[in-house]
Amino acid sequence: MASLIDRLFGGREPSSSDVAKERLRLVLVHDRSNLTPELVEAMKDEILEVIARYVEYDREAVNINLTSVDRDSILTAEIPIIPDSRRRGVPTN
Amino acid sequence: MAARVITVTSGKGGVGKTTATANIAVALASLGNKVVCIDADIGLRNLDVVMGLENRIVYDLVDIVEGRAKLRQAMIRDKRLKEELYLIPAAQTRDKTAVSPSDMVRVCDELRPVVDYVVIDSPAGIERGFRNAIAPADVVVIVTNPEVSSVRDADRIIGLIEAEGKGPGHLVINRVKSEMVKKGDMLSPEDIIDILAVKLIGLVPEDETILVSTNRGLPAALNTDDQSRAGVAFRNIARRITGENVPFMPMEEETGWLKRLVAKVRGAENAADKIAAGPKPSVVEPPKKEIEEERAAARLIKPVMVSDNADGKPKAEEKPSNNEPVASAPTRSAESKADSDDEKPAVVKAEPAKIEPPAPKEDEKPAESKEVNKTPAASTEKKAIL
Ligand SMILES: Nc1ncnc2c1ncn2[C@@H]1O[C@H](COP(=O)(O)OP(=O)(O)OP(=O)(O)O)[C@@H](O)[C@H]1O
Ligand SMILES: [Mg+2]
Numbered sequence: 001m002a003s004l005i006d007r008l009f010g011g012r013e014p015s016s017s018d019v020a021k022e023r024l025r026l027v028l029v030h031d032r033s034n035l036t037p038e039l040v041e042a043m044k045d046e047i048l049e050v051i052a053r054y055v056e057y058d059r060e061a062v063n064i065n066l067t068s069v070d071r072d073s074i075l076t077a078e079i080p081i082i083p084d085s086r087r088r089g090v091p092t093n
Numbered sequence: 001m002a003a004r005v006i007t008v009t010s011g012k013g014g015v016g017k018t019t020a021t022a023n024i025a026v027a028l029a030s031l032g033n034k035v036v037c038i039d040a041d042i043g044l045r046n047l048d049v050v051m052g053l054e055n056r057i058v059y060d061l062v063d064i065v066e067g068r069a070k071l072r073q074a075m076i077r078d079k080r081l082k083e084e085l086y087l088i089p090a091a092q093t094r095d096k097t098a099v100s101p102s103d104m105v106r107v108c109d110e111l112r113p114v115v116d117y118v119v120i121d122s123p124a125g126i127e128r129g130f131r132n133a134i135a136p137a138d139v140v141v142i143v144t145n146p147e148v149s150s151v152r153d154a155d156r157i158i159g160l161i162e163a164e165g166k167g168p169g170h171l172v173i174n175r176v177k178s179e180m181v182k183k184g185d186m187l188s189p190e191d192i193i194d195i196l197a198v199k200l201i202g203l204v205p206e207d208e209t210i211l212v213s214t215n216r217g218l219p220a221a222l223n224t225d226d227q228s229r230a231g232v233a234f235r236n237i238a239r240r241i242t243g244e245n246v247p248f249m250p251m252e253e254e255t256g257w258l259k260r261l262v263a264k265v266r267g268a269e270n271a272a273d274k275i276a277a278g279p280k281p282s283v284v285e286p287p288k289k290e291i292e293e294e295r296a297a298a299r300l301i302k303p304v305m306v307s308d309n310a311d312g313k314p315k316a317e318e319k320p321s322n323n324e325p326v327a328s329a330p331t332r333s334a335e336s337k338a339d340s341d342d343e344k345p346a347v348v349k350a351e352p353a354k355i356e357p358p359a360p361k362e363d364e365k366p367a368e369s370k371e372v373n374k375t376p377a378a379s380t381e382k383k384a385i386l
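Protein sequence lines, in the order shown, are assigned to chains A and B.
The first sequence begins at 1 in the numbering used here and counts up by one.
The second sequence begins at 1 in the numbering used here and counts up by one.
Some hints here could point you the wrong way.
[Stated by the list, open to error] Derived lysine to aspartate or glutamate pairs resembling EDC-like cross-links, with alpha carbons at most 16 Å apart: (1) K183(B) to D18(A); (2) K199(B) to D70(A); (3) K183(B) to E13(A); (4) K177(B) to D225(B).
Derived by calculation from the structure, the hints in this document are not laboratory data.
Assemble the whole structure, with the sequences as input and the hints as a guide.
What follows is the structure, given as structure tokens:
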């Protein structure tokens, strides 16, 4: 939580209203979609499971996000695929 | 005459619904409208004392609903105004189940032909009392304070009224402390509008004259000498409700964040257009004092701290249409076919999947909000307004 806020405010000490705004954003994303943070995590895991069946992806760089735009809940996923060329060099087990 | 029914609600308790109801009603009447306010907070009657009419109650809302009194008999006239302002008080010894949403619709339908505005004070919460209060509403005014729990509750209310086909709601931010906003210790009006994505219809400062006027049973908006900043703010809300174009400040000064404020004000004006019954009166320049008040309110709005895309929000153009299946199959973007000596791993971008909230029935959503969601162009425009 703290690290997220640090990232958003680029190291600058966030004011209490900055913190309030970000906390509100997060809580409303879950309120509006009726998805608890645990459910979102479970959904992410399942999505990645499916992706892994088809391609190899960069686990470190995965970015799956539930956000609100206007009043709609939007799920976005950015899943970097490891290119074939690089994969070939790496021995697989 | 065909009255408009305005319901004042909030979700969270104690944010200023009753104060707002009394002041908006007084202000609407002062503008020459025939107004009836209804206290729908049955069992916790309060509007009578805030308006200073508590000593004149004979019959109440439940007496009307249960046939012990005619509507006229339960309407208490506020004699301090030369214009017609009436109160229908709540019953104090009964509970919310004594009245049903259809009772409220019936009472308001009886009033519609004979008055200009009906203003309903809703109880806190989202249960029966709230349902009663919004059932007859043409316009829902949501009151919030600049703090997390009341904004969260306001969000819930906005969702509920949209699901009921009573949206979009109109927001009043009450008890704004400009000093705290400046110090970064209070959510700014801009933060709140940004989060709630709703139209602003009023900014009311924290003001001791509210307590003083409540002590005396004389709503702050009764005083036309402009001694109360909150009173002026409530009068401006009433004027926006009647369709008057009440600018927050002269347009010449719009630069940078001021421009954003002006955009918001235009949003509020649009809201007022919607609310306005009948032909829109011509724009009247607000008295100098009121411009000053709005400037004070305007100063509270500071630039947005977080850029739109800081949290990975998709751009408006990427927005899928309403019938896009949830978690639709990822489509390979052009980037994924980039030459293999590119160091960057290829990226598969999933189309943003829209999560439909479970409750509301599709066909009950207001047509207008649906349209806004549908076309990317319209949603970009909506962003600009808010
Ligand atoms: N702008 C303001 N400045 C100062 N005090 C205010 C302001 N608005 C409301 N108050 C005070 O806040 C308190 C709660 O207001 P009010 O009774 O109108 O809230 P409410 O939302 O109707 O409460 P409930 O949910 O219990 O019905 C009152 O003491 C009132 O005087
Ligand atoms: Mg109240």
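Status of each hint after checking the structure:
1. At roughly 11 Å between alpha-carbon atoms, K183(B) and D18(A) fall within 16 Å of each other, so this suggested pair holds.
2. For the hint pairing K199(B) with D70(A), the CA-to-CA distance comes to about 12 Å; that is within 16 Å, so the pair holds.
3. Between K183(B) and E13(A) the CA atoms are separated by roughly 13 Å; this keeps the pair inside 16 Å, and the hint holds.
4. The suggested pairing of K177(B) with D225(B) is violated, with an alpha-carbon distance near 22 Å, which exceeds 16 Å.
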